Structures are given as C-alpha cells and as structure tokens.
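Enquirer: Listed in order, the protein sequences are those of chains D and F. So the first sequence is numbered by our numbering: it starts at 14 and just counts up by one. So the second sequence is numbered by our numbering: it starts at 14 and just counts up by one.
Hints may contain errors.
Treat identical chains as interchangeable: a pair holds within one or across any two.
[Stated by the list, open to error] Here are the computed lysine-lysine pairs in the DSSO-like style, where the Cα-Cα straight-line distance is at most 27 Å:
#, residue 1, residue 2
1, Lys156, Lys203
2, Lys289, Lys81
3, Lys81, Lys55
Just so you know, the hints here were simulated from the structure itself, not pulled from any lab data. None of the values given here were measured: they were computed from a predicted structure.
Number of protein chains: 2
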Amino acid sequence: MTEQPFTLVERHACCGGEIRCLSHQSHELGLPARFNLFLPKKALAGEAVPAVYVLAGLTCNQDTFLIKSNAIRYAAEYGLALVAPDTSPRGADVAGEDEAYDLGTGAGYYVDATSDPWAAHYRMGSYVRHELPAFVEKHFPIKVGRRGIMGHSMGGMGALSVALGDAEAWTTVSAFAPIAAPSRVDWGQKATATYFGGYEAEWGQYDPCLLLQSGRTHPGMFLVDQGLDDEFLTRLRPDWLEQAARDAGQSLTLRRHEGYDHSYWFVQSFIQDHLKHHAEGLL
Amino acid sequence: MTEQPFTLVERHACCGGEIRCLSHQSHELGLPARFNLFLPKKALAGEAVPAVYVLAGLTCNQDTFLIKSNAIRYAAEYGLALVAPDTSPRGADVAGEDEAYDLGTGAGYYVDATSDPWAAHYRMGSYVRHELPAFVEKHFPIKVGRRGIMGHSMGGMGALSVALGDAEAWTTVSAFAPIAAPSRVDWGQKATATYFGGYEAEWGQYDPCLLLQSGRTHPGMFLVDQGLDDEFLTRLRPDWLEQAARDAGQSLTLRRHEGYDHSYWFVQSFIQDHLKHHAEGLL
Chain D
14 MTEQPFTLVE
24 RHACCGGEIR
34 CLSHQSHELG
44 LPARFNLFLP
54 KKALAGEAVP
64 AVYVLAGLTC
74 NQDTFLIKSN
84 AIRYAAEYGL
94 ALVAPDTSPR
104 GADVAGEDEA
114 YDLGTGAGYY
124 VDATSDPWAA
134 HYRMGSYVRH
144 ELPAFVEKHF
154 PIKVGRRGIM
164 GHSMGGMGAL
174 SVALGDAEAW
184 TTVSAFAPIA
194 APSRVDWGQK
204 ATATYFGGYE
214 AEWGQYDPCL
224 LLQSGRTHPG
234 MFLVDQGLDD
244 EFLTRLRPDW
254 LEQAARDAGQ
264 SLTLRRHEGY
274 DHSYWFVQSF
284 IQDHLKHHAE
294 GLL
Chain F
14 MTEQPFTLVE
24 RHACCGGEIR
34 CLSHQSHELG
44 LPARFNLFLP
54 KKALAGEAVP
64 AVYVLAGLTC
74 NQDTFLIKSN
84 AIRYAAEYGL
94 ALVAPDTSPR
104 GADVAGEDEA
114 YDLGTGAGYY
124 VDATSDPWAA
134 HYRMGSYVRH
144 ELPAFVEKHF
154 PIKVGRRGIM
164 GHSMGGMGAL
174 SVALGDAEAW
184 TTVSAFAPIA
194 APSRVDWGQK
204 ATATYFGGYE
214 AEWGQYDPCL
224 LLQSGRTHPG
234 MFLVDQGLDD
244 EFLTRLRPDW
254 LEQAARDAGQ
264 SLTLRRHEGY
274 DHSYWFVQSF
284 IQDHLKHHAE
294 GLL
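For reference, chain D alone in the conformation it holds in the complex:
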C-alpha cells in the first residue's frame, strides 16, 4: 500500500473550476508544506493545462495572492492552472524566525539558505524551482514543462530570478513591484547576513539585476507593473531593473502607474493583463 503523497485540506468550486488547498511533505524543506492549486474546468475534465506559479511577498502565505489578486477569474477564462506556494517554510523552529516581518517566517526570499541554522529548512529556492513543479506535474492534470511564473514584491523578485536561473524551464514571466536588486537594498542585505552568513556572492543566483548583469537572459518578454506611489519604491528600484535589462538585451515591458501603491489593490487593477500575457505565451 503506497502512502498518499498529499493531503487535500480544503476544496472549493470557483469560477467553473476548483481551488484546492493541499499539504505535502517537502523533501527540500524537510517539513510539511502547503500550497494552493487552482484547476480550470477543462483540467477537472482531465485535460492537462499549463500552470502559472504565483509567488507572494513578505508576510504572506499560500492564500494571499489567490484571495487578493483576482487572478482566478482570468485563469479560469483562459484555461490556466495556478499554483501558489507559501513564502517560507513553516515550523522550522529557528530561533528568531518569527521576530521580524522581513526575515524568517513569511520571508523565505525564494532562495536556499547556506548558513546554519537556516540552511536545514529555508530552501524555498529549490522548492519552487524544482520540487513543487515536479510534484504538481506528477499528481495533477498539468502539462509537463509548460510553465509561467509571476509574483508580487519579494515574489516578483522570485519570479524574475527563477526564470533567469533556468530560462528553458519557464516559458512566461511577469511581476508586480518586484524587488529588482535585493543584494543592494536593506531587505536583501538582512537576508545576506543570516541566510548566507554574510556571503554576498550567493545573491548571484537570485538577484534579478545581478543575473542580468552576468549575462543571463530569458527569451520571453518580462511584463512588469509598478505603482509610482509605492511606499517601497526606493527599495524596489525598477530603474535598476530597466537599466540591467537594457544592458543585457532582455525584453522588458515596464509600466509605471501614477497613483498606485504597493498593495494588492494595485495588483488586482492590472492582473488581467498578466494572465493574458501568460495565456498568449503558454496556450
């Protein structure tokens, strides 16, 4: 008798498809991990569909993006699945992991920590790049290797870095208000000191601007939206992203929106364009 590879925590009909809240034992994280999966109608009927991975920002979990972005209605319309992982391991039991909003729980930065005591469980990098897609494509009606990725803030950074890290594995890419150069702003520097034991060079695998500067590009166009009233603009640095993309020859559509801030009220305002972008590339 084989063990069930996941637990179905909740399921809800939504927009003709179904949202499933799932839990599985992650070998990368060494802990149980939760993620949400939206399957559009045709996937419920057994037809494999492409999936778009959605990465949330600091303080969020696997529910946030799907609840607040309005993404599901357009995924349903286009016939795309959505996969929403958590933003960090939960229950790693590292001293201090719950003390700050921008480090530890809810702040995994989609990197693999290399410094103890973080290194044992803080491996959201490998989880999102490898384990989760392989798991989802094995157990659900999801097309193998036909993937889009998008995210918000820390998750926008994650989306860009995952796609630049392995351009062949990810077909379509977009981001809302991404942290474009984490190694050069205080959020990322705090993570350098802890997750990487001060060894800045680790960011070479994860920092979108550093990846572009090292010559990595993605064949697709990056769609990036940024609010001009974003309270974190000086830590997001869309200008640096624009410059690095230009220098590297990376196709980028960076749209700046007057009056919009960093919240999901901003994300939901432009989400339809992102799902359309992914649908055009994936279908």
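Go by the hints and put chain F onto chain D.
Expert: Here is chain F on its own, set in the frame of chain D:
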C-alpha cells in the same frame, strides 16, 4: 471651525478608481464606526454616481466583501460606487459579545436590538438603513437616493430585509446564500433570545420571509445565487424564500449552483452578474 465629520484611515488607487477606508462617529451605534467606500473614476472627477451597499456575513468586517468578492473591478467598469459597512458595532463592551462567532461582535444581523445591554449600541439596522446612506450621500460624490444593496449570508438577509423594509429607498437588490428566514433557524433564534429579549415579533421587521408574508414586496427583481454544496443550506432555506416570494408576488431569480459552497470562492464566481444587475437598474 467645524469638526471633520470623518477620518480617512487609508486610501488606495484601484481599477482606475479609489478605495477609501473611513471612520466616523455613528450616532446610531454610539461608537466610532468604520466603513469602506469605493469610488469609480468618474466619481473622483466629481460626477455623482449611484452606490451599491454590500453587506458581509458572520465573522466578517468592512474589509471582507471588498477583498474577497472581486466586486470592485465590475463596479469600476460600470461606474458604480460601493459602500461596505462593518457587520456589528465594535467596542460596545457588552459582556459575552466576543465569545461566539454568531452573536455580538461580527454578528449584528443588521437589526436594532431592543433588549439591554445590547440595545445601546447594537443598532446596525438603523445604521445601514438610514445613517450610513445619508452620511455617504452628504459627504461624497454619490447620487442621492439612487441605491442598490446586496450581501452574503447574514448580509444577504440584511440586503433583502433592508429593501423590503423600505422599497422606495432601494432601487436594486441581490444576495448570495442569504439567511432567508432567520426567525425560524437557530442562528436567528439565538439573536432573538439576546437582542430581542426573547420577543420574536421583532423579526417581523427583518426576516425576509416574514416581510414577504406580511405583504411587503419590492418592485425590482431579486437576484439570488445559492450553492448546492453550501454547508449551511438547512439554515439558509432558499426553498422558503422561493415559496414566500411566489406567494407574495415578489419577482425573484433564484439560481442554484451545483458544486458551490458558502465561501467567497462561490461569491466571486457570480459577482459579475450581480454588478450587472445593479448597473442595469441604477444607471
């Protein structure tokens, strides 16, 4: 020097309009009250627009419906304002008000309590029917007396009862999974025992089925959606609503949806039809 009649707690650009989180001193509740207001683009430009009042269910607050329903994008598209009140007074300091999910805080039932100690502050009935619309129409670019109302669960009950209570004041009406006959199910009976001191007749002003049975009707069509996998179906009783509407000659479109439950995943699946219904009646 006149006192500012409200405090702007937050504001966020959204879908071409703006969501404002407001606080004011409610004379009906005798306490500060928060509500959210979405103004579409043309209202920001100074043109008065009709408003749809959205009432949330048990355990919710003024944020829930707007965050989870996807209503804003359609209100923006049609040029409607949305007004989202809280579901109870906050800080009334009644003994036991925070002990149960279905009584007290988060469970005002859009009624005026008549029994001490609830009667002093638990007056969401008069707040939603009179004070809030008058306040909103006085201070914001909202058309006077051009109102729609909708809600979910306890808020669906509220929407139907508010509209039946004063049909001339509310032009368009809809509900998701409303509690159709609160006086005859345990949720409402618990409120009878406390808010009304056991005096059941008070429900005559608030129970949608009792209102219809007493001969009250609304000239508009009631649009009501109900999931057939709703875990509370036996306490919502759409069948009783259907019968009471038929007997009273109330126009009702009751849509039953296979597979959908009580959650906002259900609400967001059909929200576009509701905003369209309100837009057709109000514009």
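Enquirer: Have a look at Lys81 and Lys55 and pick one of within, between, both or neither, based on CA distance no larger than 27 Å.
Expert: both (24 Å within a copy, 24 Å between copies)
Enquirer: Using 27 Å as the alpha carbon limit, work out where Lys156 and Lys203 are close: within a copy, between copies, both or neither.
Expert: Neither: 38 Å inside a copy, 51 Å across copies.
Enquirer: Reference check for the pair Lys289 and Lys81, CA-CA at most 27 Å: within, between, both, or neither?
Expert: both (18 Å within a copy, 22 Å between copies)
Of the numbered hints stated above, the single one contradicted by the structure is hint 1.
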